[in-house]
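From first to last, the protein sequence lines stand for chains U and C. Be aware that the first sequence starts at 1, since it is given in full-length UniProt numbering, and climbs by one per residue. Be aware that the second sequence starts at 1, since it is given in full-length UniProt numbering, and climbs by one per residue.
Hint data in this document are derived by calculation from the structure and do not stem from the laboratory. Glycine is no exception: its CB is placed at the ideal position from the N, C-alpha and C atoms. Please note that a few of the clues may not be correct.
[To be verified] Calculated lysine to aspartate or glutamate pairs in the EDC-like style (CA-CA distance at most 20 Å, straight line): (1) U:Lys288 - C:Asp188; (2) C:Lys74 - C:Asp188; (3) C:Lys239 - U:Glu258; (4) U:Lys239 - C:Glu314; (5) C:Lys390 - U:Asp172; (6) U:Lys182 - U:Glu17; (7) U:Lys155 - U:Asp172; (8) C:Lys160 - C:Glu41; (9) U:Lys160 - U:Glu41; (10) C:Lys187 - C:Asp78; (11) C:Lys257 - U:Glu314; (12) C:Lys239 - U:Asp188; (13) C:Lys412 - C:Glu154; (14) U:Lys265 - U:Glu314; (15) U:Lys239 - C:Glu225; (16) U:Lys8 - U:Glu116; (17) C:Lys299 - C:Glu342; (18) U:Lys390 - U:Glu17; (19) U:Lys239 - C:Glu154; (20) U:Lys160 - U:Asp78; (21) U:Lys239 - U:Asp306; (22) U:Lys390 - C:Asp285; (23) U:Lys207 - U:Asp12; (24) C:Lys319 - C:Asp260; (25) C:Lys239 - U:Asp172; (26) U:Lys257 - C:Glu314; (27) U:Lys239 - C:Asp286; (28) C:Lys52 - C:Asp78; (29) C:Lys182 - C:Glu225; (30) C:Lys319 - C:Asp263; (31) C:Lys288 - U:Asp172; (32) C:Lys239 - U:Glu342; (33) C:Lys288 - U:Asp260; (34) U:Lys412 - U:Asp78; (35) U:Lys288 - C:Glu258.
[Unchecked claim] Which chain C residues stay away from chain U? Per the calculated CB distances, all over 12 Å, these: (36) Ser40; (37) Lys52; (38) Lys207; (39) Val217; (40) Lys239.
There are 2 protein chains.
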Amino acid sequence: MEVKDMKKVSCDKERMEDKITTFSKFGATGHGGITRLSLSEAALQARAEFTKRMKSLGADIVTDDMGNMYATFKGLEDLPHIAMGSHCDSVVQGGNYDGILGVMTAMEAAETIARENIPHRHPITVMIWTNEEGARFDPAMMSSGVVTGKFDKEKMLASKDPEGVTFGEALDASGYKGDEKKRINPKDYMALLELHIEQGPVLEAAKKDIGVVEGVVGMVNYEFEFIGQAGHAGTVPQKLRKDALLAASEGILYLHKELDKLDGKLVYTTGRINCSPNVHTIIPDDVKFTLDARHQDPKVVQQVVDIIKNIPSELASCKVSYEELWARKTVSFNKELVNLVEKNANLYGYSNMRMYSGPGHDSQFAADMLPVTMIFVPSIGGHSHCEIEKTPLDNCVKGANVLLQTILDIDKM
Amino acid sequence: MEVKDMKKVSCDKERMEDKITTFSKFGATGHGGITRLSLSEAALQARAEFTKRMKSLGADIVTDDMGNMYATFKGLEDLPHIAMGSHCDSVVQGGNYDGILGVMTAMEAAETIARENIPHRHPITVMIWTNEEGARFDPAMMSSGVVTGKFDKEKMLASKDPEGVTFGEALDASGYKGDEKKRINPKDYMALLELHIEQGPVLEAAKKDIGVVEGVVGMVNYEFEFIGQAGHAGTVPQKLRKDALLAASEGILYLHKELDKLDGKLVYTTGRINCSPNVHTIIPDDVKFTLDARHQDPKVVQQVVDIIKNIPSELASCKVSYEELWARKTVSFNKELVNLVEKNANLYGYSNMRMYSGPGHDSQFAADMLPVTMIFVPSIGGHSHCEIEKTPLDNCVKGANVLLQTILDIDKM
């Protein structure tokens with residue numbers, strides 16, 4: 001690979017701001033955030049706005065059989081597409097940046113190319129993935145999972161939202177169901193870039209503008225269960241008790257103490273606890289909690305599993321058990337693309353650092369079939385999946401510039 | 001007080017069994033237990049059965065303004081009533097003994113007196129308290145609370161069930177609303193006895209037939225709160241975290257460690273925990289749990305409060321706070337009545353032990369206005385407020401015999 005042209009191009013700050021303001025209306029909660037569940041009315045409004053804007057700039061729009069959208073600007077030659085994009089769905093009471101910023105910066109990069117008539121050999125495609133969050137239809141990253149053969153399509157179509165509507169029904173009703181042949185694929189596409197908010201505090205704390213994402217860390221997710229015996233709070237002597245919440249508390253502290261001994265880059269979370277019967281006058285007889293642990297090095301992940309397997313089989317006279325809910329291996333992005341992102345951050349003089357993504361993204365699935373990488377921009381306070389989620393406008397523009405320049409570099413490869 | 005006649009009387013085992021079988025049908029869940037919420041159709045069926053049986057034996061039945069029922073067998077003289085009874089409502093998926101056994105043993109004691117024409121100077125009244133459990137209409141012990149002036153009647157009438165029906169509306173519809181003048185009171189009543197299942201494992205473990213209840217232990221109930229900061233499980237480095245569930249786990253272990261140093265008769269329970277947002281991929285930012293602690297000695301209860309107040313104000317970088325939800329002082333039952341119960345357990349040759357009640361009962365309120373005591377019978381496995389709640393028939397009859405003999409002794413006082 002050789003990149004000759006080092007001339008910088010720039011996205012437009014006002015246009016970027018207009019996009020953020022406009023898309024923040026679709027599903028607005030009235031408290032600064034959005035609820036824009038996959039294929040909901042709010043999500044369809046966002047898709048219509050995407051269509052309108054991309055078409056007005058001359059893009060040709062198609063959708064595949066999972067409702068993934070592809071807005072393509074023709075290239076000068078008959079070559080594979082260069083794709084960029086993210087998702088436009090959100091969690092309940094989510095923010096205005098997770099996912100949609102990757103769509104909006106891709107739109108802005110494409111708009112800059114179109115308005116400034118920047119010549120490009122390859123077709124350039126702006127993408128929207130359907131149902132990344134899995135907040136309405138389980139699981140997350142549904143459509144990238146189907147496109148890359150990780151999920152069974154029929155099972156996904158049958159996934160139901162809390163009202164009993166299946167993903168398939170919602171997709172049919174949306175008008176965005178297209179042709180399986182239109183899916184992103186390694187023959188017709190040469191690369192995919194996804195810009196995303198960091199969703200964590202590292203970039204802000206390190207005072208960096210751009211996260212050069214090297215991959216997505218491997219993870220394991222376990223659920224622990226503690227079985228005790230229920231009894232009335234006022235009657236059972238302490239010595240005769242089998243208190244499952246006391247046992248679970250000991251289990252949480254045991255895991256934290258042991259996991260704290262591992263590599264400092266390990267992140268782990270005991271985030272969900274369920275206590276039965278959860279009544280203030282009854283001794284708990286069944287408590288479960290989850291452990292989510294992530295690290296880029298599979299050896300460290302294995303150390304986590306070893307610690308899990310060494311948890312005592314009895315704590316506070318309660319039976320202790322655990323099961324793996326799921327796991328994923330570390331995904332490494334394409335090294336050439338990672339280098340390009342780093343080069344371009346430096347080209348613009350943006351402070352940057354290499355990092356791994358903790359959260360999962362559609363890109364980690366897509367990385368199995370074609371060259372992929374991601375660009376992170378800072379999240380104020382590390383907040384994400386909440387209404388106060390925010391990335392400063394300047395950082396959005398910086399991210400868009402790096403995205404744009406990287407696309408143009410790839411076009412020359 | 002002088003009790004001359006030491007002749008033993010006996011209740012009838014077959015009649016006792018028939019009562020248990022019959023009342024177990026009202027609200028039967030089909031899994032061995034009952035759901036018989038206060039003033040529900042099932043509870044009205046139980047009241048109708050009570051009325052039918054008591055009337056057929058010659059009792060005169062009245063209700064007061066809270067729907068409490070009084071079935072009275074005339075005495076030879078115009079003297080204050082001797083009352084015995086309990087409640088007929090249950091929790092959701094409760095058992096066939098909590099409350100109703102106190103009604104059934106009182107019915108059986110009265111039936112024995114009536115059928116065997118045992119002379120008694122005082123009127124003998126079998127009682128049903130309305131809404132002891134508070135499972136449909138909050139709070140528990142509602143009607144004894146109103147009768148003894150602890151609860152405001154208008155507020156109680158306005159208490160709503162989950163469907164929005166007020167206690168007042170349910171009471172009006174039940175047909176059991178009577179006259180305020182009919183309430184149990186210290187002028188017209190000389191004593192009240194309540195037989196109840198222990199709801200704990202102590203009698204069974206000690207191999208005792210009868211619990212001679214000296215009172216109801218004092219208790220405090222606190223809620224602790226731990227405020228941390230939410231964040232994505234995959235992004236926030238461990239060192240920057242404020243994990244409220246980790247803090248709460250440390251808090252639970254701190255309290256258990258400190259409270260275990262106090263008197264061995266102290267019982268305490270961390271029974272309810274609520275974690276927010278309680279998602280496996282999000283660091284918890286707000287966790288609350290309750291602490292219920294009970295002991296007959298107010299000094300020990302004060303030691304508990306001292307330990308609570310000494311909890312660190314910060315754990316695992318999270319802010320720790322607490323508030324008292326409620327408290328009650330130790331209630332001591334009438335010593336003469338307690339002695340009588342003990343004497344009669346010995347008279348029949350039933351193994352017995354003195355003990356305090358951990359759970360609250362209507363009797364603890366009534367004890368403020370007239371001489372009251374309680375008789376406990378064993379709960380198999382200590383189970384209560386669940387469908388497998390069980391007291392062996394022999395123990396039910398033994399309890400009824402002690403109750404009967406004690407009523408007859410009081411009649412001679």
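We went through each hint and held it up to the structure:
1. A distance of roughly 54 Å separates the Cα atoms of Lys288 of chain U and Asp188 of chain C; the hinted pair therefore is violated under the 20 Å criterion.
2. Straight-line distance between C-alpha atoms of Lys74 of chain C and Asp188 of chain C comes to about 13 Å, which keeps the hinted pair within the 20 Å bound.
3. Our distance criterion of 20 Å between C-alpha atoms is met by Lys239 of chain C and Glu258 of chain U, whose separation comes to about 15 Å.
4. Restraint check: the Cα-Cα separation between Lys239 of chain U and Glu314 of chain C comes to about 29 Å, which exceeds 20 Å; the hinted pair is violated.
5. Proximity of Lys390 of chain C to Asp172 of chain U is assessed by CA-CA distance (about 56 Å); at most 20 Å being required, the pair is judged violated.
6. Restraint check for Lys182 of chain U and Glu17 of chain U: the C-alpha separation of about 31 Å exceeds 20 Å, so the hint is violated.
7. This hinted pair checks out: Lys155 of chain U and Asp172 of chain U have alpha carbons roughly 16 Å apart, not beyond 20 Å.
8. Simply put, Lys160 of chain C and Glu41 of chain C have alpha-carbon atoms about 17 Å apart, close enough for the 20 Å limit, and the pair holds.
9. Among the hinted pairs, Lys160 of chain U with Glu41 of chain U is consistent with the structure: their alpha-carbon atoms are about 17 Å apart, no more than 20 Å.
10. Of the supplied pair hints, the one linking Lys187 of chain C and Asp78 of chain C holds, its CA atoms being roughly 12 Å apart against a limit of 20 Å.
11. Restraint check for Lys257 of chain C and Glu314 of chain U: the C-alpha separation of about 18 Å stays at or below 20 Å, so the hint holds.
12. For a cut-off of 20 Å, the pair hint linking Lys239 of chain C to Asp188 of chain U is broken: about 45 Å separates their Cα positions.
13. Note on Lys412 of chain C and Glu154 of chain C: the hinted pairing is violated, with a Cα-Cα distance of about 39 Å set against a maximum of 20 Å.
14. Between Lys265 of chain U and Glu314 of chain U, the direct Cα distance comes to roughly 30 Å. Violation of the 20 Å bound is thereby established for this hinted pair.
15. At most 20 Å may separate the alpha-carbon atoms for a hinted pair to count; Lys239 of chain U and Glu225 of chain C exceed this at roughly 27 Å.
16. For a cut-off of 20 Å, the pair hint linking Lys8 of chain U to Glu116 of chain U stands: about 13 Å separates their Cα positions.
17. Distance hint between Lys299 of chain C and Glu342 of chain C is unfulfilled; the C-alpha atoms sit about 27 Å from each other, more than 20 Å.
18. Taking the CA atoms of Lys390 of chain U and Glu17 of chain U, the gap is near 13 Å; set against the 20 Å cutoff, the hint holds.
19. Distance hint between Lys239 of chain U and Glu154 of chain C is unfulfilled; the C-alpha atoms sit about 43 Å from each other, more than 20 Å.
20. Of the supplied pair hints, the one linking Lys160 of chain U and Asp78 of chain U is violated, its CA atoms being roughly 41 Å apart against a limit of 20 Å.
21. A hinted pair counts as satisfied when its Cα atoms are at most 20 Å apart, and Lys239 of chain U with Asp306 of chain U does not qualify at roughly 32 Å.
22. For the hint linking Lys390 of chain U to Asp285 of chain C, the alpha-carbon distance of about 19 Å falls within 20 Å, and the restraint holds.
23. This hinted pair does not check out: Lys207 of chain U and Asp12 of chain U have alpha carbons roughly 23 Å apart, beyond 20 Å.
24. Straight-line distance between C-alpha atoms of Lys319 of chain C and Asp260 of chain C comes to about 24 Å, which puts the hinted pair past the 20 Å bound.
25. Straight-line distance between C-alpha atoms of Lys239 of chain C and Asp172 of chain U comes to about 47 Å, which puts the hinted pair past the 20 Å bound.
26. Of the pairs offered as hints, the one joining Lys257 of chain U and Glu314 of chain C holds, with about 18 Å between alpha carbons and a cut-off of 20 Å not exceeded.
27. Using a Cα cut-off of 20 Å, the hinted pair Lys239 of chain U and Asp286 of chain C is violated, with the two alpha carbons roughly 31 Å apart.
28. Under the criterion of a C-alpha separation no larger than 20 Å, the hint pairing Lys52 of chain C with Asp78 of chain C is inconsistent with the structure, at around 26 Å.
29. Distance restraint check for Lys182 of chain C and Glu225 of chain C: the Cα-Cα separation of roughly 45 Å exceeds the 20 Å cut-off, and the hinted pair is therefore not satisfied.
30. Under the criterion of a C-alpha separation no larger than 20 Å, the hint pairing Lys319 of chain C with Asp263 of chain C is inconsistent with the structure, at around 30 Å.
31. Our distance criterion of 20 Å between C-alpha atoms is broken by Lys288 of chain C and Asp172 of chain U, whose separation comes to about 44 Å.
32. Pair hint Lys239 of chain C plus Glu342 of chain U does not hold up; C-alpha atoms about 27 Å apart against a cutoff of 20 Å.
33. Straight-line distance between C-alpha atoms of Lys288 of chain C and Asp260 of chain U comes to about 25 Å, which puts the hinted pair past the 20 Å bound.
34. Restraint check: the Cα-Cα separation between Lys412 of chain U and Asp78 of chain U comes to about 14 Å, which is no more than 20 Å; the hinted pair holds.
35. For the suggested pair Lys288 of chain U and Glu258 of chain C, the alpha carbons sit about 25 Å apart, so the restraint of at most 20 Å is broken.
36. Every CB of chain U is more than 12 Å from the CB of Ser40 of chain C (nearest about 20 Å), matching its label as outside the interface.
37. The Cβ of Lys52 of chain C sits about 33 Å from the closest Cβ of chain U, beyond the 12 Å cut-off, so the non-interface label holds.
38. Against chain U, the non-interface label of Lys207 of chain C holds: every CB pair exceeds 12 Å, the least being about 15 Å.
39. A Cβ of chain U approaches the Cβ of Val217 of chain C within 12 Å, the least distance being about 7 Å, so the stated non-interface status is violated.
40. The Cβ of Lys239 of chain C does not lie farther than 12 Å from every Cβ of chain U; its closest approach is about 8 Å, which violates its non-interface assignment.
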